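S.K.: Chains A and B, in that order, give the protein sequences. Here the numbering used here is used: the first residue of the first sequence is 529, the next is one more, and so on. Here the numbering used here is used: the first residue of the second sequence is 51, the next is one more, and so on.
In short, the hints are calculated from the structure, not lab data. Bear in mind that the values here come from a model prediction, so they are computed numbers and not experimental data. Ideal Cβ positions, reconstructed from N, Cα and C, are used throughout, including at glycine. Hints may contain errors.
Claimed, not checked - Computed spacing ranges between beta-carbons, pair by pair:
hint, chain 1, residue 1, chain 2, residue 2, range
1, B, THR174, A, VAL999, 43 to 49 Å
2, B, VAL332, A, GLY646, 22 to 28 Å
3, A, ASP766, B, ILE224, 42 to 48 Å
Unchecked claim - In silico lysine to aspartate or glutamate, EDC-like type, Cα no more than 16 Å apart, as pairs:
hint, chain 1, residue 1, chain 2, residue 2
4, A, LYS947, B, ASP123
5, A, LYS709, A, ASP628
6, A, LYS901, B, ASP126
7, A, LYS951, B, ASP123
8, A, LYS708, A, GLU665
9, B, LYS87, B, GLU267
10, A, LYS901, B, GLU124
11, A, LYS638, A, ASP622
12, A, LYS944, B, ASP126
13, A, LYS774, A, ASP763
14, A, LYS947, B, GLU124
15, A, LYS944, B, ASP123
16, B, LYS87, B, GLU264
17, A, LYS824, B, ASP133
18, A, LYS944, B, ASP368
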Amino acid sequence: MLAGLVLSGTLVLSACSGNAAGGESQTSAGPGGPAAQGGTVQVLANAAFSHLDPVRGFDGGVNNFYRLIYRTLTTQGAAPGTEGTKIGPDLATDTGTPSDGGKTWTFTLKDGLFFETGAPITSADVKFGVSRAWDPEIGIGSPYAKQLIDAPASYQGPYKSGDLPTIATPDAKTIVFHLKKPFADFGSVVAQNTFVPVPKGAGAGTELDSKPIASGPYKVSEYKAGASLKLVRNDKWDAKTDPVRKAKPDGFQWTFDLDGATIDERMIAGQGTDVDAIAGTIQAATVARVQTPQLKQRTLTGLGGCTTYMGLNTTKKPLNDVRVRQAINFAVNKQTVRDAVGGSTLAELATSIQPPTVLGRVDYDPYPSPEGKGDVAAAQKLLTEAGLTNGFTFTLDTRAQPKMQAMAVAIQQALKPLKIDVKINIIDTSTYYEVIGTPSQQHDAAITGWCPDWPSGATFLPPLFDGRNIVAKGNSNLAQLNDPAVNAKIDEISQIKDVNAANAAYGELDKQIMALAPVVPLLYEKVLTLVGSNIAGAYLHDGYSGGIDLVSVGLTDAGK
Amino acid sequence: MTVAGPRTPTLLEVEEVGLAGDPGGGPPTSTGRILGKLARDKAALLCLVFLLIVVLMAVFAPLITKLSGWGPDEFDSGAINSDLGGVPHGSLGGISGEHWFGVEPQNGRDLFARIVYGARVSITIALSATVLTGILGVVFGLLAGFYRGWVDQAISRVMDFLMAFPALIFMIAILSSLPAGNRPVLLVVVISAFGWPYLARVIRGQTMTLANREFVEAARASGAKNVALVFREILPNLRGSIIVMTTLSVPGYIGTEAGLSFLGVGVTPPTASWGQMISSSVSWYSVDPMFFAIPGTFLFLTVLSLTVLGDKIRSVIDAGEAT
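Sequences and hints are given; from them, build the entire structure.
M.R.: Encoded structure:
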């Protein structure tokens, strides 16, 4: 998924770097300690959730939040590190039984599952929830159900077209999916938000965006769009059916639309209910202030699990020349780009397309330079070969956001010695992805990011580099790379039945694509977050852009 | 023919009378007299000196930065601490022999060079906007005041409309919806479009009074054409008002440019601008206060100097008119 819309992803170094120093011995203190039952966790947030409807929302922030109120057939683990991204059963009793060579998948629901209304969750409700993904107005979130499950071409969701015949529910506990072609990792796909059960007939239009129907441990008690959100316990949820969610606190209280600097100040001060608060990544200017031992103990850090990159439009001159793209890859000074987002505490230099959290990823650097500071000599040599000794001009699209502009300026500066004149085109944040996702409107290059939907190359390389995925609107193949060898390799890997072998093959495909240099991998951004002094059970979750895993977080002292 | 004959000398005569009056009574707006008075005023002199420094800085920016050793867009990764979010090394925002005013956090660009180049942006935009509003204001003000009738009606209604408009909001809307293009030119055009009515109003009022004065009547009676009346009789007498109004508007335009840049719709990066520097320093106020203090001080002193100077000029001219 797009990193900007989100920041979803993964994380690797597990929780608390600060805690490692002194926190381990005094287990009760610090964000890593065990959480007590009860209390309300406060969440201070910059932006509101995109959607509460599980079929509409699709980014690291809402995916993490959805686990509090919704359940899916399978789900990711709830632990730091790779344990967290391991898929396990949730509503279903296992991660699915394939048949017909992986083309048909059967899941069985557990006993004792209820909606917040008290109605039992049946396989028909799961099917109804999934079929909403085909509705052209509602199904704007995770695309995998639509891409993989076989459906009549004219099917437009349950409200318009009625029942979806290709998903079978032989009884109230069994659901059978028929896929377009075999897919070995379908057990991970049903962890996507599109597989949230919705009571049959409910949720038309924007109904669920204002009043979600909970299947998870919490339900929405009060929601003021863009201002606040309050969750209370859903007493119909039975902990015995749910091995993943600890759900210690009695409730959650979100406050949206706070300025980033305000959040940082409040978290540092830690007054009043802010001791029970968690928040997102701190601002670059705050990094220097959280270095005191007291504050450091309250920080969590880890990789966000996304790759921030600059896409080079391979259809535009002179970027259609692979040597020119390679030269840019050599010349970009990733150190200055990293400083632009806040230095080494907030990002690592990227070398390959896939971030370190993706399984099967190979650590390699196809365009090395000393300390990532750019190799102008190597770049100049390639440009001379391409006959561009006198440089050229290209337009770089970037978002109207200080951090993104600072990155663009760093790239502009790094390419100056090559006489490459980078024109920075600032696009309003709200329309940015629409513009760069429209091939007729995008310019020569754009800075953006991508996060895996689950830690596999399958959700990273094909969406970004399959030449047959270039569409007139909502295009994610920014480079417009349409290379027959790459396309063939993608098809070949999709046939591999063993998930591990497929992931390893994606690691090799990463190298094959980078040889064509359609993008410049810039950074693997990190999460550095400060939590309240009364927060416990907090760790960054690899699967949710390095956000604090909400189903495990709680308070040290619930009575405070 | 016989009628035309005596006409020409009369016109000359009128002009001669005007010219003859110059050395004697001394027009209240004589440049020499104003400068003389200002030079004797300490506050005005200080302002003038500071403005002179800023203007020289702007004009000789490339030479000055060659001397200081760092260009405005040059990154200096060595001057910042990447592990602490990019905060400058050393106290006071990294002020040292190398970087005279310290460096910008996160990229290590030299603040001195950016202040010097920022002065260019501020002054060019403010002066261009002043010239443009000056021309527009004087022309429309004269037209409205001299011709009256429907011309006055049309121009005055446009002025009312523009003055009643929430200008800042409209400027932000226009600038953020227009494609990037040539930002400085756009800024000048947008600022001028909303700035000219303030000058034009004053000019219109004064033109109306002047048009009824005896010397204009006399010129008209002796057969002077409208163009001659406007440019030879009325315009010279508006000189004082124009000087005062424009001097006082320059600081306003500098402030507007800085404000628009602060709000993110000013010049595009990497062009240095004081407003943009202040905007990006906001989040750094607690760890690197110098990043805010330096451009803030320059903006403050420039606007203050221009305002004080404009005030002094007005009092000198007012005093001249009174005598």
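S.K.: Checking one constraint from the list: CA of A/LYS947 to CA of B/GLU124, max 16 Å. Satisfied?
M.R.: holds (15 Å)
S.K.: Would the hint linking B/LYS87 and B/GLU267 be met if the CA-CA limit is 16 Å?
M.R.: violated (34 Å)
S.K.: Given the proposed pairing of A/LYS709 with A/ASP628, does the C-alpha separation stay at or below 16 Å?
M.R.: holds (10 Å)
S.K.: Taking 16 Å as the top limit, are the C-alpha atoms of A/LYS944 and B/ASP368 close enough?
M.R.: Given that 16 Å is the threshold and the Cα spacing comes to 54 Å, the pair is violated.
S.K.: Return holds or violated for the Cβ distance of B/VAL332 and A/GLY646 against the range 22 to 28 Å.
M.R.: violated (51 Å)
S.K.: Are the Cα atoms of A/LYS638 and A/ASP622 separated by 16 Å or less?
M.R.: holds (9 Å)
S.K.: With respect to the beta-carbon atoms only, verify the hint that A/ASP766 and B/ILE224 lie 42 to 48 Å apart.
M.R.: About 58 Å separates the Cβ atoms of A/ASP766 and B/ILE224, which means 42 to 48 Å is violated.
S.K.: Keeping to a limit of 16 Å between CA atoms, is the pair of A/LYS901 and B/GLU124 held or broken?
M.R.: holds (14 Å)
S.K.: Are A/LYS824 and B/ASP133 close enough, with their CA atoms no more than 16 Å apart?
M.R.: Holds. A/LYS824 to B/ASP133 sits at ~14 Å (cutoff 16 Å).
S.K.: For A/LYS944 and B/ASP126, compute the direct alpha-carbon distance and say whether it is at most 16 Å.
M.R.: holds (15 Å)
S.K.: Does the structure keep A/LYS774 and A/ASP763 at a Cα separation of 16 Å or less?
M.R.: Cα-Cα ~14 Å, so holds.
S.K.: Decide if the proposed pair is consistent with the structure: A/LYS944 and B/ASP123, CA atoms, cutoff 16 Å inclusive.
M.R.: Holds: A/LYS944 and B/ASP123 sit about 10 Å apart, inside 16 Å.
Comparing the model with each numbered hint stated earlier shows that hints 2, 3, 8, 9, 16, 18 do not hold.
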